[in-house]
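Quick note, the sequences are listed as chains Z and F, same order. Position 478, counted from 1, in the first sequence is what our numbering calls 460; the numbers after and before it change by one each time, with no gaps. Position 165, counted from 1, in the second sequence is what our numbering calls 180; the numbers after and before it change by one each time, with no gaps.
Since the hints were made in silico from the structure, they are not lab data. Treat the hints loosely; a few may be bogus.
[Unchecked claim] Only pairs whose alpha carbons sit at most 20 Å apart, straight line, appear in this in silico DMTMM-like list of lysine to aspartate or glutamate:
#: 1; chain 1: Z; residue 1: K247; chain 2: Z; residue 2: E375
#: 2; chain 1: F; residue 1: K26; chain 2: Z; residue 2: E54
#: 3; chain 1: Z; residue 1: K495; chain 2: F; residue 2: D219
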Amino acid sequence: MARKKENVRRVSRRSFLKFLGGASLAGASLNLVGWGKPLTADKAAGGNGWLPTQYNIPGSWPTLVRGRVPIEVTNPSIVRDSQKCILCGQCIEVCKNVQSVFGHYSLPLIEGIVCVNCGQCIHLCPSGAISEVDDTERVLKALADPDVHVVVQTAPATRVALGEEFGLPVGTNVQGKQVAALRKLGFDAIFDTNFTADLTIMEEGTELVKRVKGELKKPLPQLTSCCPGWVKFVEYFYPDLLENLSSAKSPQQMEGALIKTYYAKANKIDPEKILSVSIMPCIAKKFECKRPEMVSASKEEKDSNITPDVDIVLTTRELARMIKKAGIDFNALPDGQYDRLMGDSTGAAVIFGATGGVMEAAIRSAYYLITGQQPPLTLWDLQPVRGLLGVKEAAVNIPGIGDLKVAVVSGLANARKIMDQVRAKKSPWAFIEVMACPSGCQYGGGQPRASAPPSDDIRAKRSAALYQSDSNNQLRNSHDNPEIAQIYKDFLGKPMSELAETLLHTEYKSRAKQFIGEKEKSS
Amino acid sequence: MTKGVLVDIPKCLGCESCSVACKLWNDLSWDPEQKVKTAKDRAKEPNKGLWPNDWTSINFYGLEKEGSPAWRFVKTQCLHCEEPACVSACFSKALQKLPEGPVIYDQNLCVGCRYCMLACPFNIPKFQWKKVIPGIRKCQMCPTRISNGEAPACTSVCPTGALTFGEREELLAEAKKRIKENGYIDRIFGEKEAGGTGWLYISDVPFEQMDFRTDVTTKPLPSYTEEYMKVTPIVGVSWAAILAGLYVYFNKGKEPLE
Chain Z
-17 MARKKENVRR
-7 VSRRSFLKFL
3 GGASLAGASL
13 NLVGWGKPLT
23 ADKAAGGNGW
33 LPTQYNIPGS
43 WPTLVRGRVP
53 IEVTNPSIVR
63 DSQKCILCGQ
73 CIEVCKNVQS
83 VFGHYSLPLI
93 EGIVCVNCGQ
103 CIHLCPSGAI
113 SEVDDTERVL
123 KALADPDVHV
133 VVQTAPATRV
143 ALGEEFGLPV
153 GTNVQGKQVA
163 ALRKLGFDAI
173 FDTNFTADLT
183 IMEEGTELVK
193 RVKGELKKPL
203 PQLTSCCPGW
213 VKFVEYFYPD
223 LLENLSSAKS
233 PQQMEGALIK
243 TYYAKANKID
253 PEKILSVSIM
263 PCIAKKFECK
273 RPEMVSASKE
283 EKDSNITPDV
293 DIVLTTRELA
303 RMIKKAGIDF
313 NALPDGQYDR
323 LMGDSTGAAV
333 IFGATGGVME
343 AAIRSAYYLI
353 TGQQPPLTLW
363 DLQPVRGLLG
373 VKEAAVNIPG
383 IGDLKVAVVS
393 GLANARKIMD
403 QVRAKKSPWA
413 FIEVMACPSG
423 CQYGGGQPRA
433 SAPPSDDIRA
443 KRSAALYQSD
453 SNNQLRNSHD
463 NPEIAQIYKD
473 FLGKPMSELA
483 ETLLHTEYKS
493 RAKQFIGEKE
503 KSS
Chain F
16 MTKGVLVDIP
26 KCLGCESCSV
36 ACKLWNDLSW
46 DPEQKVKTAK
56 DRAKEPNKGL
66 WPNDWTSINF
76 YGLEKEGSPA
86 WRFVKTQCLH
96 CEEPACVSAC
106 FSKALQKLPE
116 GPVIYDQNLC
126 VGCRYCMLAC
136 PFNIPKFQWK
146 KVIPGIRKCQ
156 MCPTRISNGE
166 APACTSVCPT
176 GALTFGEREE
186 LLAEAKKRIK
196 ENGYIDRIFG
206 EKEAGGTGWL
216 YISDVPFEQM
226 DFRTDVTTKP
236 LPSYTEEYMK
246 VTPIVGVSWA
256 AILAGLYVYF
266 NKGKEPLE
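With these hints in hand, go ahead and build the complete structure from the sequences.
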C-alpha cells in the first residue's frame, strides 16, 4: 500500500514551476524561428530564377524591347521551343521594325495570328528557340518507299549558302555538290528551280509588257509575285492592290505544277505516285505549297488523288541536316548534273536569289519581248538595282515605250513605304520587285545561320556569288534558255496561253478580314 | 494600398511571354507532359493549365462576336484576393497576405493539410503530389520584385500592354475608363468577386464564355466563418474553466490522492 502511494506523482510547487518554465522556453523558441510572425516577401516560394536585365527596373514604365512574337501552333513554317526562350525581345524587333508586321495591326484578334511566315525571327533568335518546322522525316520516309517517285527542285539561293554548313567559305557556289548530294540521298529526279525562274520571267515579263501596252486591263505598277511572304503581306495589308500583283506563280509552284504534268507525261509516270519536294532558302514556301489553290496538276488532270503541286518544302538547313545524318562527305563529292527537261537555266535565273535579280532578269527579257532584239550589254550589269540597299530605283530606256521606271525593294518595312505611295497613286514606277527578306532570298528564313544576328558582310558575299554565277553563264537572258523554248513548243504553246494560265498563274485573296487594321484603331 | 494587375483580355494575342517569364523568374522546371499542350488544350482542362510548376497559363477560346470569329486568350493565375479564403483556412500561417497585395506561401511553415485548396474559390493552389516532402504551389505575384518597386515578371514582359501593374484603386479607375472607351462588357471581374481580388479582368466578350467563375459570391469568403470561428479561443478557455470548476466542485471535501 505504501509503495503504491509513492508511485502517484504529486503536483508540487517545484514541478508546476518546471512545467511553466518549459512551456515558456518552447514558446520563446517557436517565436525565434518565426512562427506566428507576419511573412516577409523573401519567405515566399519561387523568385529564385532570373529575367533579362531590361525587365528588372523599378517603376511602371514599359521596357522598350520586350516579350516575343506570337507563333500559332498550326503555323506551317515556324515552331518555337518555349523552354529555350529567354524573352530577349529580338524576334519582336525584327517582326515589327524590319518586317512591319507585329504591331501593324490592331487588337483584339479576329481569326488567327498575323504572320507572313518570312522566318527572319529565326535568324534573330539568340537561343535557338525559334526554328523551321522540320519536314525531313517525311522526305526520308518517301525516299525509302520504292513506290513513290520523289522529284526534287533546288532554288537559286541555296547553292551559294549550303556549303557554309560544311565549313566552306561564305559565298562558295556548291551547285554541283548539291546535286550530287541529292542523288546520293536517293531522289529520283533532280530539277533546277532556276528553270522555272526563267519561265517566270517569260510569263511575268509578257504580263508586264501587256500591262504597259494596255493589252491587259490590269493596273500599273506590276508587283512581283515570286516571294510568298510578300504576297501574303499584300493580302493582309494591301488587299486593294491585289490586282497589281503579277498573276504569275512563284518559280517553286510553277516547277511543282510542271513536275506533275509536263515531266510526268514526258516520262510516262503516274502523277499520283510523284512526291514533289523543293529545297528552298525560305520557310514561307512551306506555307505557299499548302495554299489550297496550289493544286493545278490535280485540277488539270481532273484527278483528286494527285497531291498538291509541291508536297514538301525543305529549307537549306534541313537539307544540310539530311546530308549530315546520311554521313555523306559533302566537300568530297564530285559535281553532279541536273536532270534534263527542266534542268537548264540562264544567268538571269540564278540572280533571283538576290534582291534586284528578278528585276534585272525581267528587264533583259522585257527588252527582247518589246523590241524583238537582244538586250544591250548594259542590261547584263544593271548596277542601280544591285546591292543591299532596301529601296533601289532605275529607269531603263526601251525603244518603243521609252523610259521604264522600276523599283526594287527588300524588307517589308521598306515595302510598306513604297506601297503607301502606290496606294496614294504617287508611284512613278511601272514595275516593282519586292522580296520580304532584307537583301532577298540569299538571307531567307531557311538559309544557314551564318552569323547572329544577320550581317551585311555575309549578305554581300552570297550576293556576289550569285552575280558571279550569272556572269559565268553562257546564257544571260531567260528567253535564250533552250529548254524554255522547248517547253513552249512541246507543251505550253506561248506565254500566257490557256494551259500556261492554268498551270503557271494564280489568284490572290484578301486576308483583311482576319484582323483589324491600323487605321480603324485611331477612329 | 494594395497592388494589383489589370488584364485587358482583348489586348492579348497569346504570345505566352508571361508564362515563360514566370518560369524564368521563379526557376520552375518544364514538365514534358505539360510542355506539349497548346493554349487550346489547356483551356479544356479542369485546372486551366495550372500545375505545381505552372503558376500561370494562357488559355485559348475561339469565340464569336457579332457574327465574326473572335480569338481570345485568358491568362490564369492566383487572383490574390483582398481577403483570401486560403489564408483564413491556413492554421499554420504558411499562407499570408502581404500589405502590398501578394498572397504568399512559406513552405517551412506548411504542414501539408491542403485546406487552402479546398478553401480557394478559383481552384488555384496546387499540391506537389509527386514530391517526398510536398508543398503548395501557386503564383506568388513576385513579392521581391514588388518590394523593389518592379512589376511582377509576367507583367513586365507583356509586349502588347494587356497586363498593367499598379495600385488596385487606380487600376479600377483605368478599367472603367477602358470599358467606356472600347465598349467592353460593363463588368470588372475581380472588383467584387470573393470580396475583391488584386487581379482584375476586363473583356469585350462575356466572361462566362471564357470559363470565368462568374457565380462566385461577392462577400469575402473568410467572413462566412469569421463570426463564429473568432470565438474559438474564448470557448476553449471558458470550457477549460468550466471543467476545472466542475472538478473542484465534485472533489470538494474528498481526501486528496496520495
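Here is what the structure says about each hint:
1. Z/K247 x Z/E375: violated (43 Å)
2. F/K26 x Z/E54: holds (16 Å)
3. Z/K495 x F/D219: holds (19 Å)
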